[in-house]
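Given the sequences, and given the hints that come with them, work out the whole structure.
Position one of the sequence shown corresponds to residue 1 (UniProt numbering), numbered consecutively onward.
These are calculated hints, taken from the structure and not from any lab test.
By construction, the Cβ of each residue, glycine as well, lies at the ideal position given by its N, Cα and C atoms.
Among these hints, one or two may not hold up.
Derived Cβ-Cβ restraints for the label pairs, each shown as a range [stated by the list, open to error]:
1. Ala8 / Ile54: 26 to 36 Å
2. Ile62 / Asp30: 18 to 28 Å
3. Tyr48 / Glu19: 16 to 26 Å
4. Tyr48 / Asp20: 11 to 21 Å
5. His5 / Glu28: 18 to 28 Å
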Amino acid sequence: SRDRHTAACLGRPCRIRDEDCDVELLTEDDLRFDECYDDELIPAQKDYHISYFIEMSNLAVI
Numbered sequence: 001s002r003d004r005h006t007a008a009c010l011g012r013p014c015r016i017r018d019e020d021c022d023v024e025l026l027t028e029d030d031l032r033f034d035e036c037y038d039d040e041l042i043p044a045q046k047d048y049h050i051s052y053f054i055e056m057s058n059l060a061v062i
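Next comes the structure, spelled out in structure tokens:
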């Protein structure tokens with residue numbers, strides 16, 4: 001994902017090819033954790049944070 005965004009910003013080709021990756025796309029379950037954290041130290045995850053990250057990852061595939 002960072003490779004794609006950086007390549008687009010710099011007008012350069014991507015270094016990582018889709019054929020070289022066999023990882024499935026992210027889902028909401030990948031980003032939800034059962035552990036309880038202190039909300040003062042680590043803010044609670046918001047659904048829109050998770051959705052934003054997933055959609056930005058999906059955009060990198062285009």
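Each hint, compared with the structure:
1. Here the CB-CB span from Ala8 to Ile54 is close to 19 Å, at odds with the stated 26 to 36 Å.
2. In this structure the supplied range 18 to 28 Å holds for Ile62 paired with Asp30, their Cβ-Cβ distance being about 20 Å.
3. Distance hint check for Tyr48 and Glu19: the Cβ-Cβ separation is about 33 Å, which falls outside the suggested range of 16 to 26 Å.
4. In this structure the hint that Tyr48 and Asp20 lie 11 to 21 Å apart at CB is violated, the actual value being about 31 Å.
5. The supplied range of 18 to 28 Å is met by His5 and Glu28, whose beta-carbon atoms lie about 22 Å from each other.
Consistency note: the structure conflicts with the earlier hints numbered 1, 3 and 4.
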